[in-house]
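Engineer: Sequence order for the protein chains is D and S.
Position one of the first sequence corresponds to residue 1 (UniProt numbering), numbered consecutively onward.
Position one of the second sequence corresponds to residue 1 (UniProt numbering), numbered consecutively onward.
Among these hints, one or two may not hold up.
Calculated pairs, DSBU-like style, for lysine-lysine (alpha carbon to alpha carbon, straight line, at most 35 Å) [said to hold, decoys possible]:
#1 D:LYS598 - D:LYS710
#2 S:LYS10 - D:LYS38
#3 D:LYS287 - D:LYS135
#4 D:LYS110 - D:LYS321
#5 S:LYS154 - D:LYS287
#6 D:LYS710 - S:LYS154
Hints were generated in silico from the structure; no laboratory data involved.
Now for the letters of each chain:
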Amino acid sequence: MSSTRTIQGQKNLQNINQASKDGIGGSPLRPDGTLKVKGEFAYSSDMWHEDMLWGMALRSPHPRANILGVDISEALKVPGVYAVLTHQDIPGSKYYGLEIQDQPALAIDKVRYHGEAIALVAADHPETARRAVKKIKVEYEVLTPIVTEEQCLDPETHGYVHEPHEFKSHGYGNICHEQRLVSGLGVTDEVRAMADVIVSGEYEVGMQDQAFLGPESGLAVPAEDGGIDLYIATQWLHVDRQQMAPVLGLPEEKVRLTLAGVGGAFGGREDISMQIHACLLAQHTGKPVKIVYARDESFYGHVHRHPAKMRYEHGATRDGKLVFADCRIVLDGGAYASASPAVVGNAASLGHGPYVIPNVKMHAIALYSNNPSCGAMRGFGAVQAAFGYESQMDKLAEKLGMDPVELRQLNAMAEGDSMPTGQRIDSPAPVAELLQRVKDMPLPPPLDTEDLDIRAVPGALSNTSHGEGIVRGVGYSVGIKNVGFSEGFDDYSTARVRLEVIGGEPVAMVHTAMAEVGQGGVTVHAQIARTELGVEQVTIHPANTEVGSAGSTSASRQTYMTGGAVKLAAEAVKQALIEKGRRRYGWTQKDISLVGGKVVSESAGVLVPIVDLLGDQAIDLTREHHHRPTQPFDKETGQGFGHVQYTFCANRAVVDVDVDLGLVKVVELTAVQDVGKALNPLSVVGQIQGGCTQALGLAVMEEIIVKDGKVRNASFTDYLIPTILDTPPIPVEILELPDPHAPYGLRGVGEAPTVSATPSIVAAIRQATGLALNRIPVRPEHITGTL
Amino acid sequence: MRVTFTANGKPVEADDVWEGESLLYVLRERVGLPGSKNACEQGECGSCTVYLDGTPVCSCLVAAGQVQDREVRTVEGLSEENGELGLVQQAFIDAGAVQCGFCTPGLLVQTDALLEQDAQPSDNDIREALSGNLCRCTGYEKIMDAVRLASARKCAGKGASE
Ligand code: FES
Ligand code: FES
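Based on the sequences and whatever the hints tell you, model everything.
Structural biologist: See below:
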């Protein structure tokens, strides 16, 4: 094997010149697709270097314990072991974190969650590393973990996850962050009296995992200048570097990150996992170090979706108009803050759903506990809330004797309405229309019990029943999600576009630090460059930290933000080229553009081929795209222009429920979403279907089981994600109502279906069974009542 | 120990193989065939699926020693001799069935095996055959499209050549 595979990650996208005419609105195929189907695309776990070592972490078996001593001497004696490190070997700062620097790179004196990393080993074979890890002796003083809301909120009795002095910015006991919101008159007895009907409910959401398939992995290579090169699967190269450099004791420019192939992310790669560990081991051994998490380590090593406990109360008039909503959302953030503050902000500001509600009171909090840390996952705080408010809408409709879709439409927000945050919605918000369309889609045929294919019924393939005891239900839902980073964050992205002549053809090169995590951003960037520059051939430069930050591949923001930056840079290149032509040829026309490899004027026709104008000079320009500024929410009232864009999706679920066995088969899951402008319809539909499937997982099967702070199902055997048999046909319809503030009018796509689809499935199960179902995932015992 | 076997038609040998190593590890780390993926290494996800003597298996569950003198075909071996994409590979690209692509190698091998057995599977046949291959990105709809497309092309191709 040659060491050239080390740089496979860089080759993934280089020299892929697509001779396609497809600009935006078309569906050209992925530039990385061919490599992927050939097995030649280099994911981060495929990185390889001659002479490389394997890194591995020792993880805590206890959710809460004091560390009395760590003895690494036996581990160091294992032949083939090159280094064993603890926090004492960290050259720089010992803490890092996305928003709050509360997380030690290796545990110091205590562990706060099951699976926290305590020590690291580098060895010549993964098995050697595994054996050495087992030889590290840790003496613990095991403490009772702080895991319930009651325990967290009573630190005097149960203790602190982080002692009040432990890091600067923390002063709230075990509350990591909270956000209140009051609009209209708030919710008082007088306001309650204005409602004819009131419904309330308590809802619970289990801990979901991103469960991307490509394990956390990467290769750290020490460089001659004392710096380090890391080939890594991540969602945001620059923010990784920003957190890593102080710990490694290096200036940022000496920590160079290149994106290696990413096997899915869904928020789970927004935090540091093995990045710092691999680099520390590489620094200490002077050798390249590869870390690849096993699946159980992946479950321990990344943050999950916050489990939630919610209380909702809604009041409405007799004819169905909402009068008030009173909500409390408690998110368990686990041991470290990660993205909890922003998740709380989303839950608080989006937690009422896409409805006009005159009077609102909301309190959202994230707790510190000794449960696994939670952070970003697709839908980010909006998912949990949607299960709450949509369950309430169904309850209210039932109480009023109204059709649940009509009730939603009656209260649906539209352009010009205000959010409970006071923010006016200044772009299309076709909530009622989305619901209408999803309702109007044809229903699937009834279950064919005459000529039954056993594979089509709940519990398919297990031969559990032959269609007896099966009832069908239909449920609807709609959801709202923000796009991009909110609450005053200066969200931006950088793109470099270069235009030059190669082999007699004009070729554009696009260079950004955007993490392609599978969503297809690289396809769209090429489409944008083609559209703006009128060229066919576009090369995508490998994503790395040599260019400015692209921000995170999350929050449905990359097409908006980095796509926007590519558009700006390409436009600048176009203007520079046209300016060159004006100087050379004295063009006076105002209507000059680039089409089909030529500089053209609408009035005068073809002016000159790009190739002739450019000659052997390249135009290479970099631009940043910032979205319009947002504001932080007022801490007490939650008021403020907090979000830059909203996105909406509506769903209809049809389910068959075997009420004897408690098994559910989703028969069909329909989605209608407004995407503003579909830059690549094939990818857009793929995103919506994928998002719906994760929502299906949350509705009926996915949950990390945590008991007394311990994770009980850290494997794909026990943590179930939907298979192709669990997943139904997902018909998708897209609406394109342009947002005047966004590039091309587009709207972020990836998250909205994950927010909205879960409640539709639960609603359908409720309709089939008549059960209340206040907790997701819905389990067989909830349906059979054998809990 | 030393293990020798055939990978995609070529003889390969791996030295110093530790007896606990899986076929997946040997393919990925020792003989330069990283196409088969490592997502669970427990036989649950299907990302590591390869042909072993013509039968699709999870290579993470096969001990390296078991492949001595046997024939392995991986995703890297699904392309045509001239390097052009095989029918199933092309269909996955055309249908948009590849997002992050981590599940793709396993799905390609499994689909190839399915269509070898039955060139015109029903939807339920496809779902049953692919139920051991997890995909977290696509929602499977486009994978269904890809398999149907590959099936249609395979049948059309047969018709034309007969
Ligand atoms: S890696 Fe072999 S089945 Fe998952
Ligand atoms: S495409 Fe990412 S797991 Fe299937």
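Engineer: Look at each hint and say if it fits the structure.
Structural biologist: Hint check results:
1. With a C-alpha separation of about 64 Å, the suggested pair LYS598 of chain D and LYS710 of chain D falls outside the 35 Å cut-off, and the hint is violated.
2. For the proposed pair LYS10 of chain S and LYS38 of chain D, the alpha carbon gap of about 17 Å is at most 35 Å, so the pair holds.
3. Using a Cα cut-off of 35 Å, the hinted pair LYS287 of chain D and LYS135 of chain D holds, with the two alpha carbons roughly 23 Å apart.
4. Taking the CA atoms of LYS110 of chain D and LYS321 of chain D, the gap is about 53 Å. The hint is violated against a cut of 35 Å.
5. A hinted pair counts as satisfied when its Cα atoms are at most 35 Å apart, and LYS154 of chain S with LYS287 of chain D does not qualify at roughly 49 Å.
6. Distance restraint check for LYS710 of chain D and LYS154 of chain S: the Cα-Cα separation of roughly 50 Å exceeds the 35 Å cut-off, and the hinted pair is therefore not satisfied.
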